[in-house]
Amino acid sequence: MNYDKTMERIANCYYNLGLERARLRDLSGAAELLKKSLQFDKYQKDARNLLGLIFFECGETADALVQWVISMNLLPDNNMADYYLGEIQRKPAIIRICSDNVKRYNRALDYAQNNNEDLAIMQLNQVIQDSPNYIKAHILLALLYMKREDWIKAGRSLYKVLKIDRNNPKALVLMDEVKQNTGRKEVEQSKLKNVFSHRKMMDDDVLVPQEVKQISPWMVIINILVGLILALFTFNLLVLPAKTKVLNAGKNQELIAYTEKLDSANRQYSDLKEQYSQLEERYEQATQQIQQYQNANESFMGQYQALNQINMAYEKDDFVLAAQLFTGLDASQIVDENLLGQYQSIKHIMESSVYQSLADKATEAWNGGDQEQAAELYLLSVTLHEEPENMFLLARLYQSMGRTDDANSLFDKIIGSYPDSPYAEKSRQARGY
Amino acid sequence: MINYEEEIKRFKPSLDVDQIEDAIVKVDLTDMNDIMTKLIEDAIKQKKDAQK
Numbered sequence: 001m002n003y004d005k006t007m008e009r010i011a012n013c014y015y016n017l018g019l020e021r022a023r024l025r026d027l028s029g030a031a032e033l034l035k036k037s038l039q040f041d042k043y044q045k046d047a048r049n050l051l052g053l054i055f056f057e058c059g060e061t062a063d064a065l066v067q068w069v070i071s072m073n074l075l076p077d078n079n080m081a082d083y084y085l086g087e088i089q090r091k092p093a094i095i096r097i098c099s100d101n102v103k104r105y106n107r108a109l110d111y112a113q114n115n116n117e118d119l120a121i122m123q124l125n126q127v128i129q130d131s132p133n134y135i136k137a138h139i140l141l142a143l144l145y146m147k148r149e150d151w152i153k154a155g156r157s158l159y160k161v162l163k164i165d166r167n168n169p170k171a172l173v174l175m176d177e178v179k180q181n182t183g184r185k186e187v188e189q190s191k192l193k194n195v196f197s198h199r200k201m202m203d204d205d206v207l208v209p210q211e212v213k214q215i216s217p218w219m220v221i222i223n224i225l226v227g228l229i230l231a232l233f234t235f236n237l238l239v240l241p242a243k244t245k246v247l248n249a250g251k252n253q254e255l256i257a258y259t260e261k262l263d264s265a266n267r268q269y270s271d272l273k274e275q276y277s278q279l280e281e282r283y284e285q286a287t288q289q290i291q292q293y294q295n296a297n298e299s300f301m302g303q304y305q306a307l308n309q310i311n312m313a314y315e316k317d318d319f320v321l322a323a324q325l326f327t328g329l330d331a332s333q334i335v336d337e338n339l340l341g342q343y344q345s346i347k348h349i350m351e352s353s354v355y356q357s358l359a360d361k362a363t364e365a366w367n368g369g370d371q372e373q374a375a376e377l378y379l380l381s382v383t384l385h386e387e388p389e390n391m392f393l394l395a396r397l398y399q400s401m402g403r404t405d406d407a408n409s410l411f412d413k414i415i416g417s418y419p420d421s422p423y424a425e426k427s428r429q430a431r432g433y
Numbered sequence: 001m002i003n004y005e006e007e008i009k010r011f012k013p014s015l016d017v018d019q020i021e022d023a024i025v026k027v028d029l030t031d032m033n034d035i036m037t038k039l040i041e042d043a044i045k046q047k048k049d050a051q052k
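Here the protein sequences come in this chain order: A and B.
Start counting the first sequence at 1; every next residue gets the next number (our numbering).
Start counting the second sequence at 1; every next residue gets the next number (our numbering).
Fair warning: there could be bad hints in the mix.
Cross-link-like lysine to aspartate or glutamate pairs, in silico, EDC-like; alpha carbons within 20 Å at most [what the hints assert, rightly or not]:
| # | chain 1 | residue 1 | chain 2 | residue 2 |
| --- | --- | --- | --- | --- |
| 1 | A | LYS153 | B | GLU7 |
| 2 | A | LYS361 | A | ASP336 |
| 3 | A | LYS35 | B | ASP34 |
| 4 | A | LYS91 | B | GLU41 |
| 5 | A | LYS147 | B | GLU5 |
| 6 | A | LYS147 | B | GLU6 |
| 7 | B | LYS12 | A | GLU117 |
| 8 | A | LYS35 | B | ASP28 |
| 9 | B | LYS12 | A | ASP110 |
| 10 | A | LYS179 | B | GLU41 |
| 11 | A | LYS5 | B | GLU6 |
| 12 | B | LYS38 | A | GLU117 |
| 13 | A | LYS5 | B | GLU41 |
| 14 | B | LYS26 | A | ASP63 |
| 15 | A | LYS170 | B | GLU7 |
Keep in mind that the hints were calculated from the coordinates and are not lab data.
Based on the provided sequences and hints, a complete structural model is requested.
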């Protein structure tokens, strides 16, 4: 008997059964049959590739890769495993995510086995978020929830498992436990009883249509209330969000318009503020200029009057007043050219003749015994023109008046400023040098 | 009644992608064909030994 052909047929049979189960989404059953197929014929590449696909579907990517790599090594020609591996290699992110998830699952398992359930649940939730088909993670999570008697969450996890793998034995057992604890089992059993129960109809049995059944007034009220609640719920769920969205969009547009207006007003305000500060600056400058002009004008008028008075006094031969006015005048303040010319001519007169007249008058006053008057006149004369003789006379006068300090300073000035003058020697003698 | 502790302890870590190479090496690829061949070879050998 050609036993290898027989093995091949048996393997094919198992593969076909496995394929059938896989089509019905009984992945666990299919995997078992495919493994059996491979036990009879390891070269049954379809069985191995399908087993890999089932592993991949269940979130066991590494196991899937193992099967496909073996498949490719055993039968490299015309093998679908090549396509699967190519697809996986084309998207390296899949491998990275799977690897991360496996690591997290293993860590969660470690936590769970060491009574660290909170961390385990946290990790498993993350794993399931990234790999929703990871059956082992779902079942472990369900077990942890069941341990905490959180039957609803456990039931959800198991429901997901059974959606992926319809006949997963562990999930079925756990789901049974969950249903028992939530009371679902009794409900389902009674439903099944109603569906499959058969009672022989008697002659006097009447089939009452569902619509004609008597409904109690309380049921009517309850139905109306339920209807109202459903209507409200539907309104909140379907109509209200749309209206709110429209209203929000309108408000947003309004807000944008207001913001734009506000921006424009702000810009105008800053422009006006800038203009205002420019105008204020100009106003300050203009005020300063006016003040300067006023000052200059007042100064001009004052200088003009002073020069006029000096002229008038001089013409009246009142040299003393003329000299007093002249010495009181600040020449550096005269900027006007006409006034400056007038000042220069008065100055020339003062320095050429008036000072001497004053000195003569001072000498007369001194000779007349009026030392105060003499000192005043000498001082005016010296102020107009520094003549060493007059300075010496004034110093002597000061000496005789007892104003030694004033006298000494004048002597020193003559010695310092006019060293070649005969009065310098006299001054030295007076100072006792 | 399910013993959750026991059930959780029965879980085994998943195979990581980094461990694929080791896993491939460790996979036992012996099928019925190999076993049958080995049995037949042993039987032939025993027969030969007996004839001697």
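Results of checking the hints against the structure:
no. : hint                  : verdict
1   : LYS153/A <-> GLU7/B   : 18 Å, holds
2   : LYS361/A <-> ASP336/A : 34 Å, violated
3   : LYS35/A <-> ASP34/B   : 16 Å, holds
4   : LYS91/A <-> GLU41/B   : 47 Å, violated
5   : LYS147/A <-> GLU5/B   : 8 Å, holds
6   : LYS147/A <-> GLU6/B   : 11 Å, holds
7   : LYS12/B <-> GLU117/A  : 17 Å, holds
8   : LYS35/A <-> ASP28/B   : 12 Å, holds
9   : LYS12/B <-> ASP110/A  : 10 Å, holds
10  : LYS179/A <-> GLU41/B  : 56 Å, violated
11  : LYS5/A <-> GLU6/B     : 44 Å, violated
12  : LYS38/B <-> GLU117/A  : 50 Å, violated
13  : LYS5/A <-> GLU41/B    : 18 Å, holds
14  : LYS26/B <-> ASP63/A   : 12 Å, holds
15  : LYS170/A <-> GLU7/B   : 10 Å, holds
Of the hints listed earlier, those the structure fails to meet are numbers 2, 4, 10, 11 and 12, in rising order.
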